[in-house]
Amino acid sequence: MISTTGPSEPPRVLLVDDNDEIIALARTTIAPTCVVVGTATDGPSALRAAKDLRPDVIVLDISLKNMTGFEVAANLRDSGSMAAIVFLSLYAENNFVVKARDIGAIGYVVKTRLVSDLMHAVTEAHMGREFISPLC
Amino acid sequence: MKLRLPRLAFGRALLAIAIIFVGFAQFSIARTEDLPSPKRVLMLYGHDPNSPGAVAFTKELRASVLADSPTRAVFYNELLDLERFPIDERQPELVKDIVEKYRGYNFDAIVTDGTMALKFANERLRAHFQSVPIVYGLSFEPGFDYSALPDNVTGRHHLLPFAATFELARSLQPEAERVVIVGGTSNQDAPLLATAVKDLTPLAGGMQLDVWQDWTFASLLQNLRMLPPRTIVVLTSFSRDRTGQVINSGDLIASVTRLASAPVYGIARNWVGDGIVGGVTMDFGDDGMRTGRLLRQVLDRTSSELPLPPREVARSVQVVDWRALERWGLSEDQLPPGTEVLFRTPTVWSRYGGYILAALAMLVVQSGLIAGLLVQRARRTRAEVDLRRSQASLNTSYERIRDLGSRMLQAQENERSRIARELHDGIGQEIALLATHLDLVRTNDREEVKRLNAEIQTRAREIARNIRDLSHRLHPATLRLIGLAAALETLRLEMSHSGIAIAFTHDNVPTTLSADVTLCIFRVVQEALQNAIKYSRASEVTVHLAGSPGRLSLSVVDDGVGFDVDTKWTKGLGLISMRERLEAIGGLLEIRSNPGRGTRVEARVPLDVIQSVDETRPEVKAIRASTAGSL
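Top line first, the protein sequences correspond to chains P and W.
Here the working numbering runs 1312 ahead of the position in the first sequence, where the first position is 1.
Heads up: the second sequence at position 496 corresponds to 483 in the working numbering, and the numbers run straight through without jumps.
Bound conformation, chain P alone (with noise of 0.2 Å):
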């Protein structure tokens, strides 16, 4: 799989969450040097969009209905996804962390510091660059 965009373009981003309001406040974080390409509600949508956007980098929100952010994570992982994965949940928890790097991820962000962390998590991923959000 080749990504169709360079470092040096803006990111092409697929956000993942079950609430609407954490979708467009993402959204409008990450605006200034990100491109949105699709968003997802639950686990099935996620990989469908994913499968079809061909997306840089993926926002994942952990706790989703039917599938776990996890599960997405490690399905999408299986079936060979180039995309860079950022975790956004509401878990300030070093157990989820290190199950995310587990499961292949880039980035962590805790939904309570989304405002100040989440561009700059998916831009590092973009890069290939881990960020984690301060777990405090």
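Treat the hints loosely; a few may be bogus.
Said to hold, decoys possible - Once the Cα atoms are required to be at most 25 Å apart in a straight line, the calculated DMTMM-like pairs of lysine to aspartate or glutamate come out as:
hint, chain 1, residue 1, chain 2, residue 2
1, W, 88, W, 68
2, P, 1377, W, 68
3, P, 1377, W, 320
Said to hold, decoys possible - Simulated coverage check for chain W against chain P, where a stretch passes if three residues somewhere in it have a Cβ under 8 Å from a Cβ of chain P:
hint, stretch
4, 446 to 456
5, 473 to 486
To be clear, the hints were calculated from the coordinates, so they are not data collected in a lab.
All figures in this text were calculated on a predicted structure; none of them were measured in a lab.
Beta carbons are placed, not taken as given, at the ideal position from N, Cα and C, and that holds for glycine.
Once you have looked at the hints, place chain W on chain P.
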């Protein structure tokens, strides 16, 4: 006409009366004339007429003559007493006496008792009672030639059955070594004894044969007492002993047989019953009856010219006394066929067999009924015991459920109160402070706004965290998101804030555990840790979770003060909820604790349950299949 009619009727009536009267007169005359004149019979007794044999003979003879016969007979008895008075000595006087006595009596028959009487009648009286037929009976004395008797003599005589009696004795006592023949000294005894000796001598074989004759009655009894048991005693006739004492043989039997130390046999039917074993016997009663028949035929003759009925020889009867057989231990099986066994005491069985069988049958039936009733009662008792037991167990269960119910309601109320308190005192308080800060933002200067903003942000994050923690305690959503082991690690971190050192290790825990199992194990660990923190005063708690083929094992061990497990079960819901949760998924809970020696909680869950539960999540697989290889 009217006047003549009654006169005619009267005459006729008179005539009828006359005819009836004449008819009656003729009838009564005819009846008187039809009765035959009684027959006169002279009985000449050679034996003692009071001896049992003679008594039976006379009785049967008379009965036989008089029964069913129109003949009337009158008996005239003459006692010759020939045993004591030999006939030759006083013959002329005796004959003269009888002739004088019965002059003018036209006897229709003379009956003689015994051979000597027959001889007397035939030889001495014949001249005087020439045409009178003689009928003889009770004739058993030997040495008389019956064929020489004239035509107008008939009767029956016996052949002395000594030989046959001896054969019978031999068959009953095959081991006998000695035979003793006993007889008296009278002129009637001697020929009988001689006959017996003559008859038995060739039959005795190697046996010792003794003849006891010229003895006193006392010495006879004395010697009979001392006979060895393997002896056969044959009693012939004993009507006079050595001292001249006249004894009736029949009267002698009872004392002889009672005292003898060996079985005694005899030839008279009437002796059987007085103690002798038996013998081939002369039946004098039967003899009397049959002689009586002959006499009746003689008397019933319509003419004295008609021939007399033919003479007969009496048949001997083989008879034994069952009581004597028993006394001497002689086997009935040894008896020759056709032997008549008298005085057999019926056995209890033969007498009451029917009753015994009926009683036994009733006993069996009653026993069966009683047994049946007992079995039924036992079953009923058992059923009642079972019933009482199950009722008791039901009551216990009911009590337990009621107790659990009330404890559950209490626990629910406690939990609600805790949540309410947390919402009100914790989160509510925080939000109130947040609102206050927001209010301050509106009124203060720029620098102050910046500071307040930062504070608001901190407080809002704090609120979010509190809410998340509360939610997590209510239901550990992280289980679903990060799995059992990671969730337990998180739990460990949370609980470690209490100041107790908690170690958590895990080994080979399957990644695909069902939601039921993960929640169950999580709750058990949570409960066990809470108990340890609250009650154990332990410094350290170790939690270990291990997966092995077929099983998932959990242990929570503390070094605290321990407790009495049995009493704890009945309080609170903690231990019960742990057990109930585990049993619901096929697992087991074991708690070992002793006061002062720490507590060990162990739980085991079978793995096949886990796998089967795991298969109930097809959703994930379906999604994986739809996305596989698509990117």
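Hints violated by the structure (listed by number, smallest first): Of the numbered hints given earlier, those the structure breaks are 2 and 3, listed in rising order.
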